[in-house]
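From first to last, the protein sequence lines stand for chains A and B. First residue of the first sequence? That's 1 in our numbering, and the numbers climb one at a time after it. First residue of the second sequence? That's 1 in our numbering, and the numbers climb one at a time after it.
Please keep in mind that the hints were generated in silico from the structure rather than gathered at the bench. Cβ atoms here follow ideal geometry from the backbone N, Cα and C, with glycine treated the same way. One should not assume that every hint holds.
[What the hints assert, rightly or not] Restricting the straight-line Cα-Cα distance to at most 20 Å, the calculated cross-link-like pairs of lysine to aspartate or glutamate (EDC-like) are:
hint, chain 1, residue 1, chain 2, residue 2
1, B, 126, A, 60
2, B, 62, A, 16
3, B, 60, A, 20
4, B, 60, A, 39
[Stated by the list, open to error] Chain B is nowhere near these chain A residues, computed Cβ spacing over 12 Å in every case:
hint, residue
5, 29
6, 35
7, 67
8, 86
[Stated by the list, open to error] Not everything, but these chain A residues come out facing chain B in the computed CB check (under 10 Å):
hint, residue
9, 17
10, 18
11, 19
12, 20
13, 37
14, 41
15, 44
16, 45
17, 47
18, 51
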Amino acid sequence: MTKDEVKQVVLGIIADIAPDEDLSTLKPDVRLRDQMQLDSMDFLDIVMELRKRHGIEVPEKDYPQLATLDSCGDYLTPKFNALASKS
Amino acid sequence: MSLSRIVITGVGLTAPNGNSLAEFRGNLLSGVARIARMEIRYMGPHLAGVCNFDPLRHQKRKEVRVGTRAGSIGIYCAREALADARLSTDSIRRDRTGIFVGITEHGNVETENEIYAISKFGYDTKFWSHYHNPRTVANNPAGEISLNIGTTGPAYTIGAACAAGNLGLIHATQMLRLGEVDLAICGGVSESIHTFGIFAGFKSQNALAHHEDPNRASRPFDKARNGIVISEGGALYTLERLEDAVRRGAKIYGEIAGYCVNSDASDYVLPNPGRQAECVREAVARSGLLPRDIHIINTHATATPMGDIQECEAIRAVFGEGCPDTHINNTKSFIGHAMGAAGALELAGNLPSFEDCVVHPTINVDDLDPACALPGLVLNQPRKAERVDAILNNSFGMLGINSTLIVRRFER
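Excised from the complex, chain A in its bound form:
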């Protein structure tokens, strides 16, 4: 998967957990929590949905890597690709 595809996956999850938000103006390099109503429980939702939908594990120490859409792409793309190469 490309980074852009991974970012689309994350955006899809965010759209489900924050259904009242307009995501069209989300800036990829700005912290998600600074652009939208996203509390710590919502953040755990992203982690849970990555686990449920894609089998991706994000250990707690790596949570800061999910701060922006860009950092999500950077951090998660190798994980998605590692998973794809196993299957």
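Dock chain B against chain A, hints included.
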């Protein structure tokens, strides 16, 4: 001790056959029940009373996703009650507003959902939702209301099995009289139809109603009654001290006249007509009324073969034959048993009788059980009463909790 007079100034509700008091009442007078067949997890289709209010009327989509069905029902009812009372969240003193919500149970729905969800992942608990605890704490429905409307006074639930709806109003009355709050949002809610456990439990007790026509299934007092129709729903009221309500020119639906809560101390599930009669008698006495002054008795009867007879026995013991102006009805015949909401919803269905002097009937009685043949039963068709000055509302629950609440016509 002189007690403050407490009055009802607003009603918000959702029932299977109505999302406002006007719609609900209209259907009770027109004989319209609205029981559905609903798919129950692991069990297949079963009869249930399903509400069709729009949660997004008062909640954001995220609130609905994160919260519980009981929370949504509570928020809908609370907001509608405030609007009905012509109170806004900006006009009330948020720190002096209490929320007291009766529940039969809470958390079963959410726990069952999580167990089902992790079953899809080999029961690996790392897939268990981080929302499970806030969704299942016993105060959840009241807490969700306080979050939604922004009140900072006491907000909690009152667990009282199927007596809980009455308990919400009774506790609110006490808190207003104690001066703990100036406005109470109170009553009961239930999300019970979303747990298979309650269906399976009643089925194992042989207490679940069945009928080919869903709207004919809940039939208290009928010989062919065969059990309970489980429903969801809610009814919340705004209660105020009389002087506060008068000061702001509020519409007053009625005044809390008296109440009693007691316990059978005799069985987990079987009612005790002796204790029920004591509860009713004590509530009437505390109201300063005589049995003949009660013009409507709204029964708890759930359409179980034995429970209906025992409540009738209790009513007979208190009211006997000497109360010609006492009319007796049952709201569950329309909406099924809304559990924690039952008492509050059933009271709401009768409150308009103070204005129109019409008593809504108990429907689905084709063949009255002689053991339930109380004088004054209003069967199948509404009845015009000469006067309606006091309504007595019975709600009883498992583990032997009994509650009787009496509301009287407001007179200065």
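Structure-based check of all given hints:
{"no.": "1", "hint": "126(B) - 60(A)", "result": "holds, 13 Å"}
{"no.": "2", "hint": "62(B) - 16(A)", "result": "holds, 9 Å"}
{"no.": "3", "hint": "60(B) - 20(A)", "result": "holds, 7 Å"}
{"no.": "4", "hint": "60(B) - 39(A)", "result": "holds, 15 Å"}
{"no.": "5", "hint": "29", "result": "holds, 25 Å"}
{"no.": "6", "hint": "35", "result": "holds, 15 Å"}
{"no.": "7", "hint": "67", "result": "holds, 19 Å"}
{"no.": "8", "hint": "86", "result": "holds, 18 Å"}
{"no.": "9", "hint": "17", "result": "holds, 7 Å"}
{"no.": "10", "hint": "18", "result": "holds, 6 Å"}
{"no.": "11", "hint": "19", "result": "holds, 4 Å"}
{"no.": "12", "hint": "20", "result": "holds, 5 Å"}
{"no.": "13", "hint": "37", "result": "holds, 8 Å"}
{"no.": "14", "hint": "41", "result": "holds, 6 Å"}
{"no.": "15", "hint": "44", "result": "holds, 5 Å"}
{"no.": "16", "hint": "45", "result": "holds, 8 Å"}
{"no.": "17", "hint": "47", "result": "holds, 9 Å"}
{"no.": "18", "hint": "51", "result": "holds, 7 Å"}
Every hint, counting from the list given before, is met by this structure.
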